[in-house]
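Engineer: Sequence order for the protein chains is R and L.
When we follow the working numbering, the leftmost residue of the first sequence carries the number 5, and every step to the right adds one.
When we follow the working numbering, the leftmost residue of the second sequence carries the number 775, and every step to the right adds one.
In short, the hints are calculated from the structure, not lab data.
Backbone N, C-alpha and C define an ideal beta-carbon position, used for all residues, glycine too.
Just so you know, not all the hints are guaranteed correct.
To be verified - Derived list of chain L stretches under chain R, where covered just means 3 residues or more per stretch with a C-beta under 8 Å from a C-beta of chain R:
{"#": "1", "region": "833–847"}
{"#": "2", "region": "885–899"}
Stated by the list, open to error - A partial selection of chain L residues facing chain R, derived with a Cβ cut-off under 7 Å:
{"#": "3", "residue": "799"}
{"#": "4", "residue": "985"}
{"#": "5", "residue": "989"}
{"#": "6", "residue": "990"}
Listed here are the chains, written in short residue letters.
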Amino acid sequence: MADHPIIDVHGHWGPWFFAMDIGTARENIRLMDAYDITIQLVSAAEGVVYDAPGGNARLSPILESQPRLRGYLVVNPNDPDAAAADLRRHLPSGLWSGVKIHTGYPLRPIDSPQMRETFAMLNEFGVVILIHTWGPDILVLPELLAQNSRLRVVAGHMGADRWDLAAQAARDCDRLYLEPSCSLTETMRFRHVLAHAPIRQLLFGTDATLIDPAVAFGLVADAAPTREQEELLFWKNAADLFGLHDQLANLGN
Amino acid sequence: MVDRLRPIALDCDVLFGTWPPRAQVRMDLATVRTTLDKAGIRGAVACSARGAWFDDIEGNTETIDVVSPLDGWYPAATINLRNGLRAESELDRMVAAGVRAVRLFANQSAAPTFPGYRHVVDEALRRNLVLLVEGDFRVCWQAYAERAARVVFLDVHAYHLADFILVARQEPGFVASTRLLNAPDSIETVVGEVGAGHLAFGSRSPLHATSPATIRLRHARISDTDWSAVAGGTLRDLLDGERKVGG
């Protein structure tokens, strides 16, 4: 039982196309209860892999009924105009904490012109972006952030198998944050990042309900963070970045 | 009620030695034993990484020398998939030494369709050895199918769970390591679909973090009997030859 809040900055709601029965908000809450997660920031799986505006629309009423869930609006970098319309449509509700961008399903890497255009559009909104990172193109993010001064970015999966470059990128830009969720569990992944990235730029993410939170909690545990590092990682950094202090208080924390 | 904090009896996926792409990870056996002990893992099927990278014969000798004396531990031999010419003699030496499991490594870039790979599998099965197999299950399963093989697939991913279950329905000796079965219901789905006799706890310590696998198993929503099987019973039966397959 954790004696501090836990904010999971990388969650999903809804079914995936794998052999998993994980599609309901009840499953989000079951896992949050099992692992003492206080608040989870989720994107609609449907929005990630198929139809961004459609998935966002289906997630909206879920967020209204689940005070421990906050949303990411999924943005497809192939259609920034639709994304801008979605942001204007949904952000005023206050139920959303930022924007989620995947690179694999839209087939647009971080250094693509479509992604640059999308970042420029999102800069007008000044949002936090959770972006899927997998490999060396995480090193493009500091440059993109330098061009878009109102943005802050969370590198989902912290580069996956290039955690070393993720730590380097975080050192290069104080508006770039890292979170460890991933099905890859190499011992050095989080140990290296904890030792080499600025601690105020580390967040906790699980990728639930796609991935069981055991993976991220186990990675962190085996890296043996100090008590102070734990507090920053598990909730303080996220509460500051996403402005969740009031919501934590409302939830009794 | 089984105490889910009680030790996990057996880990099917443990290495020691050194690993060139991760040379900074301490992998000496003493450190590995301490890591497992802290994680509540009592025993393991362990293999020297020397055979994976450099010399299978030297590595197997090292594995037998240091693992065999450990209570509750089993040595896993390996065969160099890039030089199948000496597989038969080395497997004979392993059988004579009492080794019951052979691990095939994926770092050697040998596909299951390669002649050397097929030869090693043929000769290992001929000697009634349990195989511990790295690599994408969807690619390597066929080399072992319809042969009454006892195989622990070490890299079955949650994303590929349906493929494993479809095959396991026909293969009583096919077992998946829990290491990458990391969706919230992967372990429960395998147990429900084909039974705990198709699952064995694995962590790939110390190359991979140990706690993701232990925490997941301790949260598994399965019966006490099934939990004990996944935590060691299934694998022990395989290694002890008590698992009847192909019948």
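Engineer: Hints first: check each against the structure and report whether it holds.
Structural biologist: A quick look at each hint next to the structure:
A stretch counts as covered by a chain when three or more of its residues have a beta carbon under 8 Å from one of that chain; for the region 833–847 of chain L and chain R the count is 0, and the coverage is violated. Counting residues of the region 885–899 of chain L whose C-beta lies closer than 8 Å to any C-beta of chain R gives 0; at least three are required, and the coverage claim is violated. Using the Cβ-Cβ criterion of 7 Å, the hint placing residue 799(L) at the interface with chain R is satisfied: the shortest such distance is roughly 6 Å. Satisfaction of the interface hint for residue 985(L) is found here, the shortest Cβ-Cβ separation to chain R being roughly 3 Å, below the 7 Å cut-off.
Nearest Cβ of chain R to the Cβ of residue 989(L): about 4 Å, under the 7 Å cut. The hint holds. For residue 990(L), the interface hint holds, since its Cβ comes within 7 Å of a Cβ in chain R; the closest pair sits about 4 Å apart.
Consistency note: the structure conflicts with the earlier hints numbered 1, 2.
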